[in-house]
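> Sequence:
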Amino acid sequence: MNAVDTTVMNPQIQALARAIMQMASGYLVAHNIASADQSQALIGGLVALAAVLWSMADKSQAKQNVLTALLTPVPAATPLSPAAKTEDQP
0 MNAVDTTVMN PQIQALARAI MQMASGYLVA HNIASADQSQ ALIGGLVALA AVLWSMADKS
60 QAKQNVLTAL LTPVPAATPL SPAAKTEDQP
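Heads up, the sequence shown stops at 89 in numbering that gives the first Met the number 0, and the numbers go up one at a time, no gaps.
By construction, these hints were calculated from the structure, which means they are not laboratory data.
Please note that a few of the clues may not be correct.
Quick list of simulated restraints, FRET-style, between CB atoms [stated by the list, open to error]:
(1) 25 - 59: 28 to 36 Å
(2) 59 - 31: 36 to 44 Å
(3) 42 - 72: 43 to 51 Å
(4) 19 - 75: 38 to 46 Å
(5) 21 - 75: 45 to 53 Å
(6) 69 - 27: 44 to 52 Å
(7) 44 - 12: 13 to 21 Å
(8) 72 - 46: 38 to 46 Å
(9) 18 - 61: 28 to 36 Å
(10) 18 - 51: 20 to 28 Å
(11) 72 - 39: 48 to 56 Å
(12) 34 - 65: 40 to 48 Å
We put the CB at the ideal spot given by N, CA and C, even for glycine.
Generate coordinates for the entire structure from the input sequences, incorporating the hints supplied.
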């Protein structure tokens, strides 16, 4: 399984999210559901919320990686065979 760097959001996902929010904002303003200022505030809030959720997901994945590493059994060390002993060893 390939490791995925989740610390930075993919630029294409960022662009898609911005485009969707701009379209939704334009719809709200065009249908007099919200003013332009309200739509700007809404987009700012959604971006902040997305940043918090992304950070939580990233930290959750990092925590899972640490727990997996801690719970993975370490193979027991095997003693050296007599042929593998060096001159320094009795």
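> Now tell me, hint by hint, if it's right for this structure.
Hint check results:
| no. | hint | in the structure |
| --- | --- | --- |
| 1 | 25 - 59: 28 to 36 Å | holds (34 Å) |
| 2 | 59 - 31: 36 to 44 Å | holds (40 Å) |
| 3 | 42 - 72: 43 to 51 Å | holds (49 Å) |
| 4 | 19 - 75: 38 to 46 Å | violated (54 Å) |
| 5 | 21 - 75: 45 to 53 Å | violated (59 Å) |
| 6 | 69 - 27: 44 to 52 Å | holds (48 Å) |
| 7 | 44 - 12: 13 to 21 Å | holds (19 Å) |
| 8 | 72 - 46: 38 to 46 Å | holds (43 Å) |
| 9 | 18 - 61: 28 to 36 Å | holds (30 Å) |
| 10 | 18 - 51: 20 to 28 Å | holds (21 Å) |
| 11 | 72 - 39: 48 to 56 Å | holds (54 Å) |
| 12 | 34 - 65: 40 to 48 Å | holds (46 Å) |
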